[in-house]
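Turn these sequences into a full structure, and let the hints steer you where they fit.
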Amino acid sequence: MWNELRSAGVIAALALCAGARAEDARRSGFDDMGPGTQAMQREDSSNPGMLSALEGESLWSAPAGPAQTSCASCHGEASASMKGVAARYPAFDTASQRPLDLAGRISQCRDQRQQAGPLPRESRELVALTTYVGLQSRGQPIAPPEDARLTPFRDAGKALYSQRMGQLNFSCAQCHDENAGGHLGAALIPQAHPTGYPLYRLEWQATGSLQRRLRNCMIGTRAEPFTYGGLEYIELELFLMQRAAGMAIETPAVRP
Amino acid sequence: MRAPAAFLALAFLPGPCQAAELVQYQIENGEIRASLTGQPGNPVRGRAIVAERQKGLCLLCHTGSFPEERFQGDLAPTLAGVGARMSEGQLRLRMVDGTKVNGQTIMPPYYRIDGLARVAPAFRGKTLLNAPEIEDVVAYLRTLRDDDAGQSK
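In order, the protein sequence lines correspond to chains A and B.
So for the first sequence, my numbering puts the first residue at 808; every next one is plus one.
So for the second sequence, my numbering puts the first residue at 6; every next one is plus one.
None of these hints come from the bench; they were simulated from the model.
Careful, some of the hints might be misleading.
Coverage of chain B stretches by chain A, computed from C-beta distances (three or more under 8 angstroms per stretch; other residues unrestricted) [what the hints assert, rightly or not]:
#1 39-50
#2 87-100
#3 113-126
Here are the simulated lysine-lysine pairs, BS3-like style, with alpha carbons at most 30 angstroms apart [stated by the list, open to error]:
#4 B/K60 with B/K131
#5 A/K965 with A/K890
#6 B/K105 with B/K60
#7 A/K965 with B/K105
#8 B/K131 with A/K965
#9 B/K105 with B/K131
The C-beta atom is built at its ideal place from N, Cα and C for all residues, glycine as well.
What follows is the structure, given as structure tokens:
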């Protein structure tokens, strides 16, 4: 019953999403947090994720590579050039013929344009730059690009989302669609919207990426996580961003 | 795609295959009648397994009569009274592989190693519980006859 009722609710909610916005039953992880953690996210002065954004801001204009160029040399003011960018990633990269997430694009610029070498996944610098770029889209609705080249990857992400994995044999959908709002031990299961990333997680005592979050979920199911930067994570992100289309970017969010 | 490749690799591994170590069992009418060990389990040890978060994981989803355990989940029916609702054989099948009862269930298969995808290396080829532990848990669940006793919900 507990399950059936909940999935009936989710199905009804999805049906409604198509039409009336007012009936949108999608909830950001923010909506499920206590007032203290919500206030921590809302106030920039108390949001620890802002430290990462600040670090990103100084990296944005720090010269690097043989030509001593910075992101700002090419892109100017991030507040203008980077506005809305995070809301439409992952995007298709023609050069590599595959989708790139925002961190992947930043690392690619760093490697090929600045010629300063790629930034390792989850490195402080990459998380900081991604947070700073993400911040420029805060409040904007998630707007996945209508690019047919992304479709097979998004479909693959959807398949991954419903695939059972790990020794515990759970799929993402079983927790985040069928049991969202329920409690796994003490943890409230959120609907898994990628609205806040990179975000500061109290459990990490750090700002981290969506891939780090997904890795945590996979380890929780006793599955072998995908490799950081791997196509599977980007496929999952494409699907999650589509599922969250229209919801507001919160970067940098705070989560328990 | 990946799973079959992994299984092929397993088949070529030298030495004894883990699968051979799993006790064979028979499902009849939604039950596994025979004890996996040929012995009755120990309900006291069973209770400890159910209560222990890292071992049984049961209370991540179920509630039950465990006043000492805080933060019980609410994704599954209470275990209180389950010994009156189900026979020993039904409980054993539910523990061994709940997907045989309900293909969509979220309850992990506690005594199965095949048909699982991307299992982390540390857990690969291992069941969640071994046969004596399954029997201990079944023996404990059999003692849960009273629907009202100590329910936390």
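Taking the hints in turn, this is what the structure says about them:
no., hint, result
1, 39-50, "violated (count 0)"
2, 87-100, "violated (count 0)"
3, 113-126, "holds (count 8)"
4, B/K60 with B/K131, "holds, 13 angstroms"
5, A/K965 with A/K890, "holds, 28 angstroms"
6, B/K105 with B/K60, "holds, 22 angstroms"
7, A/K965 with B/K105, "holds, 25 angstroms"
8, B/K131 with A/K965, "holds, 29 angstroms"
9, B/K105 with B/K131, "holds, 19 angstroms"
Of the numbered hints stated above, those contradicted by the structure are hints 1, 2, listed in ascending order.
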